[in-house]
Amino acid sequence: MSAAGLTDATWVPLVHLNETGGGITQKELAGLVGVDGSSLVRVLDILEREGLIERRRDESDGRARLIHLTSQGERRVCLIRKELARAEEAVLCDLSDEEIARMLDCLDKIDHRMTALAAEDKAVIPHED
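The UniProt record's numbering numbers the first residue of the sequence shown as 1 and each following residue consecutively.
Some hints could be false.
[As the list claims (entries may be wrong)] Here are the simulated lysine-lysine pairs, DSBU-like style, with alpha carbons at most 35 angstroms apart:
1) 122 <-> 27
2) 27 <-> 109
3) 109 <-> 122
4) 82 <-> 27
5) 82 <-> 109
[What the hints assert, rightly or not] Simulated restraints, written as ranges between beta carbons of each label pair:
6) 105 <-> 49: 39 to 49 angstroms
7) 82 <-> 103: 19 to 29 angstroms
8) 93 <-> 36: 18 to 28 angstroms
9) 79 <-> 121: 36 to 46 angstroms
10) 98 <-> 51: 35 to 45 angstroms
11) 117 <-> 65: 28 to 38 angstroms
12) 102 <-> 48: 36 to 46 angstroms
13) 105 <-> 81: 21 to 31 angstroms
14) 19 <-> 120: 33 to 43 angstroms
The hints are simulated quantities; they were obtained by calculation from the structure and are not laboratory data.
Heads up, the beta-carbon is just placed ideally off N, CA and C, and yes, glycines get one too.
Construct the entire structure; sequences and hints are all you get.
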């Protein structure tokens, strides 16, 4: 993503914001990105300074702030998606469509199994109050 001027830590939240349509809380975005909220704050500060996102007051909850892509952020996501498509093509060029389909099916199965195992772990581990 260096062609788009971003690191992995900064481009992933932008893509997730674009996919959700924006207007989500920091906590929701942290869950999508898979990081804790305090780590995300530093990234969001960088993205905001670069003019790629903005934090707006939630009209339904004045205490909360929602994160939105700016028009500059939307343009950057377009560059990111082009870069991702080029990288994907370079990595997968030796595979047939059938091989790619099989690989994606296997990855989906792995993802579902990992999700199930994580849910089982949460159910087994007692929470301290």
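Outcome of the hint check:
1. For a cut-off of 35 angstroms, the pair hint linking residue 122 to residue 27 stands: about 19 angstroms separates their Cα positions.
2. For the suggested pair residue 27 and residue 109, the alpha carbons sit about 27 angstroms apart, so the restraint of at most 35 angstroms is met.
3. In summary, the hint linking residue 109 to residue 122 is supported, as the alpha carbons are separated by about 20 angstroms, within the 35 angstroms threshold.
4. Proposed proximity of residue 82 and residue 27 is supported: the alpha carbons are some 28 angstroms apart, at most 35 angstroms.
5. For the proposed pair residue 82 and residue 109, the alpha carbon gap of about 27 angstroms is at most 35 angstroms, so the pair holds.
6. Here the CB-CB span from residue 105 to residue 49 is close to 42 angstroms, well matched to the stated 39 to 49 angstroms.
7. Restraint check, residue 82 to residue 103: a C-beta distance of roughly 23 angstroms satisfies the suggested window 19 to 29 angstroms.
8. Take residue 93 and residue 36: their Cβ atoms lie about 37 angstroms apart, and the range 18 to 28 angstroms is violated.
9. Checked against the hint of 36 to 46 angstroms, the pair residue 79 and residue 121 passes, with Cβ atoms roughly 38 angstroms apart.
10. With their beta carbons about 44 angstroms apart, residue 98 and residue 51 fall inside the hinted range of 35 to 45 angstroms.
11. Hint check: residue 117 to residue 65, Cβ distance near 34 angstroms, so the stated range 28 to 38 angstroms holds.
12. For the hinted restraint 36 to 46 angstroms between residue 102 and residue 48, the CB-CB distance of approximately 42 angstroms keeps it satisfied.
13. The hint said 21 to 31 angstroms for the Cβ distance between residue 105 and residue 81, and at roughly 24 angstroms that hint holds.
14. Evaluation of the 33 to 43 angstroms hint for residue 19 and residue 120 yields a failure: the beta carbon distance comes to about 28 angstroms.
Hints 8 and 14, counting from the list given before, are not met by this structure.
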